[in-house]
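Enquirer: Spelled out from the first residue to the last, the chains are:
Number of protein chains: 2
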Amino acid sequence: MDVYEAIVDKRDTRSFSPDPVSDEDLHRVLQAGRMAGSAKNQQLNRIVVVTDPDDRATLAESGKFADWVAGAPVVLAIVVPKEGGKAFDIGRMAQNIMVAAHGLGLASCPVTFHDEDRVRDLLGFPDDHEAPMGVGLGHPAPPEEEKQSSPRIPLDELVDWGRWKA
Amino acid sequence: MDVYEAIVDKRDTRSFSPDPVSDEDLHRVLQAGRMAGSAKNQQLNRIVVVTDPDDRATLAESGKFADWVAGAPVVLAIVVPKEGGKAFDIGRMAQNIMVAAHGLGLASCPVTFHDEDRVRDLLGFPDDHEAPMGVGLGHPAPPEEEKQSSPRIPLDELVDWGRWKA
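Chains A and R supply the protein sequences, listed in that same order.
Per the numbering used here, the very first residue in the first sequence carries number 9; after that it's consecutive.
Per the numbering used here, the very first residue in the second sequence carries number 9; after that it's consecutive.
Source of the hints: derived by calculation from the structure; they are not laboratory data.
Worth double-checking, as some hints may not be accurate.
The list cannot tell twin chains apart, which means a pair is met if one copy fits it or any two copies do.
With a cut-off of at most 25 Å between alpha-carbon atoms, the simulated DMTMM-like pairs for lysine to aspartate or glutamate come out as follows [said to hold, decoys possible]:
no., residue 1, residue 2
1, Lys48, Glu165
2, Lys48, Asp20
3, Lys72, Asp62
4, Lys94, Glu138
5, Lys72, Asp10
6, Lys48, Asp123
7, Lys90, Asp33
8, Lys72, Asp60
9, Lys48, Asp60
10, Lys48, Glu69
11, Lys90, Asp17
12, Lys94, Asp136
13, Lys173, Asp31
14, Lys173, Glu91
15, Lys173, Asp63
16, Lys72, Asp123
17, Lys72, Asp129
18, Lys48, Glu91
19, Lys94, Glu165
20, Lys94, Asp20
21, Lys48, Asp31
22, Lys90, Asp129
23, Lys90, Glu165
24, Lys90, Asp10
25, Lys48, Asp75
26, Lys48, Asp33
27, Lys94, Asp60
28, Lys72, Glu13
Small disclaimer: the values here were computed from a predicted structure and weren't measured.
Chain A extracted, bound-state conformation (with noise of 0.2 Å):
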């Protein structure tokens, strides 16, 4: 797929078909992770590959609004040093995997992680890294199922030239 093509329709989709993600995909969307750059190049972030449905539906109760990722057939949790991890630099790294994933035909969304102690309790990283965000991903579910919609403001409202418009 076109990469502008690709990141213009990728949207954030919350369900999926039951079907596993194969090793390849899984493999060249954590590339396409890995590839991300970050603040001087310093590459605090790493991922923990969750594909447990135990351990799903356990990330699915560490988040406000996570009890999708129950049924996301993997989720990605990003995990960072509390001193020095940048939520800039997840957000780098969690869109090369979503628009890589969106390219090879799988829904993903972002998820946060409210329940710091609770994934930790179950990934097990140390007290000083903390996993606020996470992807969820798989194929999608059938399009009768769900209608994303999610409607972006006019390029207009988004961008100002020179200086702050009111």
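Starting from the known structure of chain A, arrange chain R on it as the hints suggest.
Expert: Then chain R, alone, in the frame of chain A:
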């Protein structure tokens, strides 16, 4: 360009030729930014496009490591409300912009603006907004002027399966 190729091939680059970015290319990268998802589709990010050389020089003085944006033909300042703005969503938007730019043959890099007041004074956004990050972009300098490497850690160092490993 293929989406996967664009994503894994993109490197953060801070050296540019003085050639201007065409209106068509700029429109496409802005559209790529516009289509980035955001928490609850709130779309709190706004973009101020800065091309004036004096204004870019001011932005270059607004960050600890921002010198290079004086030589970036286009600087996009991403403006968010202090209340509610999310660095994760800024990262998603910036990555869409930069991957789309790479697909068009444009070089780009994020920039951090540490001097919030200076950026606000220049661009004119209100006190309850900030522009912590931006993106500089343009046509790349000839390869002999800058050789980018930014090697990445191996995939098996980035990724754990099911549980965090020591």
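Enquirer: Each hint needs a verdict: does it hold in this structure or not?
Expert: Status of the hints after comparison with the structure:
1. Lys48 <-> Glu165: Between. Shortest inter-copy distance 18 Å satisfies the 25 Å Cα cut-off; intra-copy 32 Å does not.
2. Lys48 <-> Asp20: between (29 Å within a copy, 10 Å between copies)
3. Lys72 <-> Asp62: So Lys72 and Asp62 pass the 25 Å test inside one copy only (18 Å; across, 46 Å).
4. Lys94 <-> Glu138: The answer is both: 11 Å in one copy and 17 Å across copies each meet 25 Å.
5. Lys72 <-> Asp10: Answer is neither: 35 Å inside a copy and 36 Å across each miss the 25 Å cutoff.
6. Lys48 <-> Asp123: Close across copies (19 Å), not inside one copy (29 Å); limit 25 Å.
7. Lys90 <-> Asp33: neither (30 Å within a copy, 38 Å between copies)
8. Lys72 <-> Asp60: within (21 Å within a copy, 44 Å between copies)
9. Lys48 <-> Asp60: Classified as neither; 35 Å inside a copy, 27 Å across copies.
10. Lys48 <-> Glu69: Only across copies: Lys48 and Glu69 sit 19 Å apart there, 34 Å inside one copy, limit 25 Å.
11. Lys90 <-> Asp17: neither (33 Å within a copy, 29 Å between copies)
12. Lys94 <-> Asp136: Both ways: Lys94 and Asp136 sit 14 Å apart in one copy and 22 Å across, limit 25 Å.
13. Lys173 <-> Asp31: between (48 Å within a copy, 20 Å between copies)
14. Lys173 <-> Glu91: between (36 Å within a copy, 19 Å between copies)
15. Lys173 <-> Asp63: between (48 Å within a copy, 16 Å between copies)
16. Lys72 <-> Asp123: For Lys72 and Asp123, only the intra-copy Cα distance (9 Å) is at most 25 Å; the inter-copy one is 34 Å.
17. Lys72 <-> Asp129: Answer is within; shortest intra-copy Cα gap is 18 Å, inter-copy 38 Å.
18. Lys48 <-> Glu91: Answer is within; shortest intra-copy Cα gap is 15 Å, inter-copy 27 Å.
19. Lys94 <-> Glu165: between (28 Å within a copy, 19 Å between copies)
20. Lys94 <-> Asp20: both (22 Å within a copy, 17 Å between copies)
21. Lys48 <-> Asp31: neither (31 Å within a copy, 30 Å between copies)
22. Lys90 <-> Asp129: within (16 Å within a copy, 32 Å between copies)
23. Lys90 <-> Glu165: between (35 Å within a copy, 19 Å between copies)
24. Lys90 <-> Asp10: neither (36 Å within a copy, 35 Å between copies)
25. Lys48 <-> Asp75: between (35 Å within a copy, 15 Å between copies)
26. Lys48 <-> Asp33: Cα proximity of Lys48 and Asp33: none, with 29 Å in one copy and 27 Å across.
27. Lys94 <-> Asp60: Classified as neither: same-chain Cα gap 28 Å, cross-chain 30 Å, threshold 25 Å.
28. Lys72 <-> Glu13: neither (32 Å within a copy, 35 Å between copies)
When the structure is compared with the earlier hints, violations turn up for hints 5, 7, 9, 11, 21, 24, 26, 27 and 28 and for no others.
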